[in-house]
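Engineer: Read off the chains here:
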Amino acid sequence: MAIIGVGHSKFGKRSDASLRELAFEAYNDAINDAEVEPSKIDGSVVCSATHYDKQRSPAGVVAEYLGLNPEPTFNVEAACASSAVGLRTAWALISSGLHDIVAVVGVQKMTELSSEEIQELMGRAGDVMWESPFGTTMPAYYAMYATAHMSRYGTTEEDMALVTVKNRKYGSKNPNAMFQKPVTVEEVLKSRMVSSPLKLFDCCANADGAACLIVANSEKTKKLSDRPVWVAGLGLASSPMALAGRRGPMTTFEVSKNAAKAAYEMARIKPADVDLAEVHDSFSMTEILNYEDLGFTKPGRGPKLLRKHETELGGSIPVNVDGGLLAKGHPVGATGASQLFTLVKQLRGEARDLQVDRAKIGLAQNIGGIGMYAVVTVLKA
Amino acid sequence: MGFEKFGKFGYVSQTKVASIISFLEKDQLPATCCRKCKTLHFPPRADCQHCRSNSLDWVLLEGNCTLVTFTEVHFAPPQFQAEAPYVLGLAELNESLRVFAPVDPKLDRKMLKSGMKLVLRVTHGAGDSLFYQLESVKLSRTGK
Numbered sequence: 001m002a003i004i005g006v007g008h009s010k011f012g013k014r015s016d017a018s019l020r021e022l023a024f025e026a027y028n029d030a031i032n033d034a035e036v037e038p039s040k041i042d043g044s045v046v047c048s049a050t051h052y053d054k055q056r057s058p059a060g061v062v063a064e065y066l067g068l069n070p071e072p073t074f075n076v077e078a079a080c081a082s083s084a085v086g087l088r089t090a091w092a093l094i095s096s097g098l099h100d101i102v103a104v105v106g107v108q109k110m111t112e113l114s115s116e117e118i119q120e121l122m123g124r125a126g127d128v129m130w131e132s133p134f135g136t137t138m139p140a141y142y143a144m145y146a147t148a149h150m151s152r153y154g155t156t157e158e159d160m161a162l163v164t165v166k167n168r169k170y171g172s173k174n175p176n177a178m179f180q181k182p183v184t185v186e187e188v189l190k191s192r193m194v195s196s197p198l199k200l201f202d203c204c205a206n207a208d209g210a211a212c213l214i215v216a217n218s219e220k221t222k223k224l225s226d227r228p229v230w231v232a233g234l235g236l237a238s239s240p241m242a243l244a245g246r247r248g249p250m251t252t253f254e255v256s257k258n259a260a261k262a263a264y265e266m267a268r269i270k271p272a273d274v275d276l277a278e279v280h281d282s283f284s285m286t287e288i289l290n291y292e293d294l295g296f297t298k299p300g301r302g303p304k305l306l307r308k309h310e311t312e313l314g315g316s317i318p319v320n321v322d323g324g325l326l327a328k329g330h331p332v333g334a335t336g337a338s339q340l341f342t343l344v345k346q347l348r349g350e351a352r353d354l355q356v357d358r359a360k361i362g363l364a365q366n367i368g369g370i371g372m373y374a375v376v377t378v379l380k381a
Numbered sequence: 001m002g003f004e005k006f007g008k009f010g011y012v013s014q015t016k017v018a019s020i021i022s023f024l025e026k027d028q029l030p031a032t033c034c035r036k037c038k039t040l041h042f043p044p045r046a047d048c049q050h051c052r053s054n055s056l057d058w059v060l061l062e063g064n065c066t067l068v069t070f071t072e073v074h075f076a077p078p079q080f081q082a083e084a085p086y087v088l089g090l091a092e093l094n095e096s097l098r099v100f101a102p103v104d105p106k107l108d109r110k111m112l113k114s115g116m117k118l119v120l121r122v123t124h125g126a127g128d129s130l131f132y133q134l135e136s137v138k139l140s141r142t143g144k
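Protein chains in written order, with my numbering: chain B, 1 to 381; chain E, 1 to 144.
Hints in this document: simulated from the structure, not taken from any laboratory. Careful, some of the hints might be misleading.
Label-pair ranges, simulated between beta-carbon atoms [as the list claims (entries may be wrong)]:
1. E:S22 - B:R247: 24 to 34 Å
2. E:G125 - B:E350: 52 to 62 Å
3. E:A46 - B:E350: 53 to 63 Å
When the alpha-carbon atoms are kept at most 27 Å apart in a straight line, the in silico DSS-like pairs for lysine-lysine are as follows [claimed, not checked]:
4. B:K304 - B:K270
5. E:K138 - B:K298
6. B:K308 - B:K173
7. E:K113 - E:K138
8. B:K360 - B:K223
9. E:K117 - E:K26
10. B:K308 - B:K298
11. E:K113 - B:K304
12. B:K190 - E:K110
13. B:K304 - B:K169
14. E:K16 - E:K5
15. E:K113 - B:K190
Note that the structure is predicted; figures quoted are calculated from it, not measured. Glycine is no exception: its CB is placed at the ideal position from the N, C-alpha and C atoms.
Please work from the sequences and hints to get the whole structure.
Structural biologist: Okay, here's the thing in structure tokens:
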């Protein structure tokens, strides 16, 4: 199965557009990119964390608005990893022979919710029986991993700030990113505390946006596309939702390691073979943990990799050179497809100022919620 | 019904393990133990995922534990904003089970360190709410 077309809306506070219209922007962009007749698309997978949507069961209205009735459609939800799981779902639909060409549409409309509504939803991000009743938040869970990494390996708040500085630098060159302005280490360190040790600029922002992937089986791909990007490896794993259900020193996401292992095995590659990566930087520290969990460096050595500029353009493993979630914003359901959009552009050599030299193998890693799900996808030119 | 009393703000009212409340009311920390495979479950479960048995007995925990990690929450959900900032912790009980719980606000946050010994104790919150929190070993001995 290959990705034959990709589309992306502008991410950010999109008070000009509704959920279905955002989906249309990305879909239209992807159809034009694939140069495929929309009538050839025989199914759509609509990916969003539906608890953020005013529209219940949004696949219904999205498929209608995109003009994809009466072909099959349904929603896929895996929190922040929804559209990465959407790609896996499309793989199953296509490799089973049920479908030939599928549109994977990741979309989310978050900024029209009041901050009260957002905070209330955030309060229920964890296990609602045993952990939410103590006042948990999404940043609090990730902050606990950050505290553990700092305590075990001596990682500093400045190390974390360097992630934001790097990603905001690249975001300033990505026209689809929510934040277009670079930030300094001092600005990150001085931003207000959210959940110690994570400060405001260590956290990604809620956003509106959509990204779309048109995927096809090998036969259709060879017929329709002159620049396909092939899906070489798919890994998806799960972890207990309750933090208390997880083991180990909390300096690593076992769920990411398991997903990466599956993806590397399927793609028959090693971490060193990856030319560029898109990783889940919902929080600055998460990117550091991801370097280690994906095998780009040893446990505890993430900050060193960052400080040696190895994860920048020109380094041994450029990471999030589109700005990542920290600069693009995080329209939950669209994020996974947005990461894959970037990889496809890079592997086709169409990333302009942000192009990684001779990129042949790209990896995307997307964590769902507070780490219950992780997806690792390997694409090859 | 009744489980809504659990925590500082309960979201769930109905569960097969709602009788945890009657133990907390007596300042006891209960886990469940599978009669078949003897696995200890905390937080308590009504069903054992290992042998799929639903015959479990209530057993009491001592509460001695070691802090694994923590965070001080400044940006809080609406129901918790009045008490922010507050500290949440993850600790490992001596029974090799982990607990997620608030850290006693009387404990100085600057003193907190991964690996330090703490005690999990029952606390009565606002209204008739009941929960457990991570307290200093020293404070717990002298009582409140």
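Engineer: Now look at each hint and say whether the structure bears it out.
Structural biologist: Tested hints:
1. E:S22 - B:R247: 24 to 34 Å: Holds, at about 30 Å.
2. E:G125 - B:E350: 52 to 62 Å: holds (57 Å)
3. E:A46 - B:E350: 53 to 63 Å: holds (55 Å)
4. B:K304 - B:K270: Given pair K304 of chain B, K270 of chain B holds - Cα atoms ~21 Å apart, limit 27 Å.
5. E:K138 - B:K298: violated (39 Å)
6. B:K308 - B:K173: holds (22 Å)
7. E:K113 - E:K138: The hint holds at about 16 Å.
8. B:K360 - B:K223: holds (22 Å)
9. E:K117 - E:K26: Distance ~24 Å between K117 of chain E and K26 of chain E Cα, so the pair holds.
10. B:K308 - B:K298: holds (14 Å)
11. E:K113 - B:K304: holds (24 Å)
12. B:K190 - E:K110: holds (19 Å)
13. B:K304 - B:K169: Holds, because 19 Å separates the two Cα atoms, which is no more than 27 Å.
14. E:K16 - E:K5: holds (14 Å)
15. E:K113 - B:K190: Judged against 27 Å, a Cα distance of about 24 Å means the pair holds.
Taken one by one, the earlier hints fail for this structure only at number 5.
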